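Asks: Residue numbers (our numbering), protein chains in the order written: chain S, 18 to 535; chain W, 18 to 535.
If a hint is listed, it holds; no wrong ones were tucked in.
Part of the chain W face toward chain S, derived, beta carbon under 10 Å:
1. Q19
2. G23
3. R26
4. Q30
5. G171
6. C201
7. A209
Treat the hints as calculated values from the structure; they're not laboratory data.
Source: prediction; values computed, not measured.
Even for Gly, the Cβ is constructed at its ideal location relative to N, Cα and C.
There are 2 protein chains.
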Amino acid sequence: MQFTQGLHRAVQQKPDAVATSCNDRVRTFAETGDRVARLAAGFVGLGLTRESRICILALNSDRYLEAYLAIAWMGAISVPANCRWSNAELIYSINDADCTALIVDDQFSTAVPALREGCPGLREVIFAGDGPCPEGAIPCEALIGNSPGIDDVGAHGNDLLGIFYTGGTTGAPKGVMLSHSNICSSSLAMLAEGLFAEGARGLHIAPMFHLADMLMIGCLLLRGCEHVMLPHFKPDAVFSAIEERRVTDTLVVPAMLQALVDHPDIAKRDLGSLRNVLYGASPASEALIERATDALPGVGLMQGYGMTEVAAFLTALPREMHTPEGRKRNKLRSAGRAGYHVQLRVVDAEDREVPRGTIGEIIARGPNIMQGYLNKPEATGEALRNGWMHTGDLAYMDDDGYVFIVDRLKDMIISGGENVYSTEVENAIARHPAVASCAVVGIPCDEMGEKVHAAIVLKSGMSLTLDELREHCRTLIAGYKCPRSLVIVDALPLSGAGKILKTALRAPYWREVDRAAG
Amino acid sequence: MQFTQGLHRAVQQKPDAVATSCNDRVRTFAETGDRVARLAAGFVGLGLTRESRICILALNSDRYLEAYLAIAWMGAISVPANCRWSNAELIYSINDADCTALIVDDQFSTAVPALREGCPGLREVIFAGDGPCPEGAIPCEALIGNSPGIDDVGAHGNDLLGIFYTGGTTGAPKGVMLSHSNICSSSLAMLAEGLFAEGARGLHIAPMFHLADMLMIGCLLLRGCEHVMLPHFKPDAVFSAIEERRVTDTLVVPAMLQALVDHPDIAKRDLGSLRNVLYGASPASEALIERATDALPGVGLMQGYGMTEVAAFLTALPREMHTPEGRKRNKLRSAGRAGYHVQLRVVDAEDREVPRGTIGEIIARGPNIMQGYLNKPEATGEALRNGWMHTGDLAYMDDDGYVFIVDRLKDMIISGGENVYSTEVENAIARHPAVASCAVVGIPCDEMGEKVHAAIVLKSGMSLTLDELREHCRTLIAGYKCPRSLVIVDALPLSGAGKILKTALRAPYWREVDRAAG
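So here's chain S without its partners, still in its complex pose (with noise of 0.2 Å):
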């Protein structure tokens, strides 16, 4: 399969239904479809090739969907960046993906010149906003309205289509290279699911940039719906798209939820448009999910657990398992079951399945496995050992076939639906003069699900305090990866090997919330 056979599908069936909506820009598939063809010609007009990497650091909007297609369809290679990074990371993964070319929006047109700097292989800026085009910048407008469109190279199969970044755990992101049939094997298996039905209007509130939001975008493509933009996630700003393009579906990572349920004008808006709420990244509490089901009646909801290693689909927990009469099968706290496109296992360290019941690791095989990770040869080759991904979740699965995730990788902390890995955190914290030694743990939060926890070992007649240590780690790493809490203490707890014993560390906070809840 293709990434851009949705759009060439929806050309032909139906070009005159909404493609795009963003603001107060509405276009067709039919126009859609030529201003894609019209902006790869204005990539390859300026040097770009199928084997050129572009990065893409935009907020949500119907260009950035465009970007995607156009160079999809001239074969190239995508390398959306995180648009909460530091400079420090974005320069990293750009230089890492070997990216030639870079697409900013408004937002992000500051950065250029910092990025110019740190990334001498950075050919060619495009700007893809309203206001004024940076310095040296061509506007995707000026290439959209120069050149006659092209015909779509045929990128397909295993061709790359993306490199996506993920938090590394080593200190370094990695560089997750997905493939088109990674995305659309996915995408058709969630259509398969019955979510984004023929007519659907898709809501992007999750950043575009992330694999999630992909997967829905994928799913939208193939269906032929039409995709409506929103920059931000706010929740005012949420309801009045839903009012005003009448949207049926959307993805939230479950603290969007909470914060769109939470709402006080949720019963005074007109939401009885939207159909399907797809959650993920985080399973939802069952509190949530009724909260949800109150204050959304007649909405499905269901929760698809993947990572970006996956193309963002592994297993789905159907909307019937949400429902008052399904939530007695007691699936709730479950990520799901497999999906119709991947095997899945609960295995022992020696990839042999543990009997239904018992803690293992998840691993799984299908078209949606990442080719690798870029320029990581022995990371990829231990993450697919055995010709299975190896996803670091600890879970048990149940008599159905439900995985119930318990740890979801041995220290990754979940902060408002982002993955934020401690090793990370911890490496930018050690940089900090006064610090001796330190360890990062995720400790409840009741707004966040998780929120970034630092133990501190000070240097001798050191001192530090919260906020200065914020103000250190926020030129590394950012926002949301810097510690919302700390504890300065001796002595880390170690194991008789020697390691940090993060268990010990995490035990006191989680231990009251258990208490608090039982």
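Chain W: place on chain S using the hints.
Replies: Same frame as chain S, now just chain W:
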């Protein structure tokens, strides 16, 4: 993806659900999974390997499905034989595919000596029946009973799953090589169309050797649904199976649908469980669809169009186009629009897309397109030229992307310099009240090059003259398209798959010409 994937998934998620019911045998997925792993081990014990091609010559049964699955499980290649073939044709295909093993059931056990004699490469014969085992054959139940199961070898993706022989309507039959991905992508795309929902029970009426039924096998497997098998098509048996197993979905060829809806008992039988009837393999007349809609209230009709070379699925005509309301959109005479997995074009002889409404050849590309014809590199190159599968079907596309098939490229009649599409003439004839079924071909004519010739099966007690037929047709189609020659027959010659053999209808007339010319 992997053909056995759906079995693994069902064993994991619903081990106690019914996998197969055949006569009085009902087996769960757990049992089926166990039997398949043991049968695969038995095959390996016989010395069969991942290179082996294994011919299956049997009527529909649970053991047919188990054989398909066990062969895929051990990574070997199925060669399903057409049950209606003569020994000469069977010998041709077994030798062409280099089969080293043959699986037969009771129905075909008498053919074993002749096949052994004609196929010196056949080393093993496996008996999948209930009656006496042919001499020198090994009962599959013995293989299953004697062998502890082996692990699935994991054949998948582009690995060859089967060699499927097509028609032989022109020259020697061609072995279409289909991979695991070919079948699985068509099946997944069909699930995305909404057929074979969770909990569905599918009835195999069409022969399982045929690709159309293979598509249904794939769908039911992926979704983890019950397979109900009927060895022969008999309307009574179909009704009973629907009643007894509460069948929800089935797949038929139009001739079967016709026989079902014309059956005098249809109104007396309880077909209330039936939800979807997928029809395909040849076009259905508008009259038949109207009759079926009346005779099967509450049942959604859907047309699938494809061929062996595309793993049986290119386009779908959705259910909503069959309802009285949907029929107003005038798509009923079309074969539908491209499925979610393929790209489709209607092109001229140079593969250039023709304008909407213009007749050209349907070409397609996607993950379902065959690997090629076995031992026929030239035919493969011709069919797959420019990276697209050339279907040989003539059609035009309307503004909504629906394709209207006007004829097989080779069935088109050129009469007096005018192109006459046999399907159009057949549709006109079918509306005559005396006509049960019909076929139209071109036969030699000194004056016109070819003339339009109709072979007609009349309804019981009815009569029809050529003049009456022409008078009727003139009210519907242009004069040059009306039959100039008529033969009333008891039955139309059908292929094993139930397709009308137009070659057989044409042959006597053209042979006379050959004789005259020779």
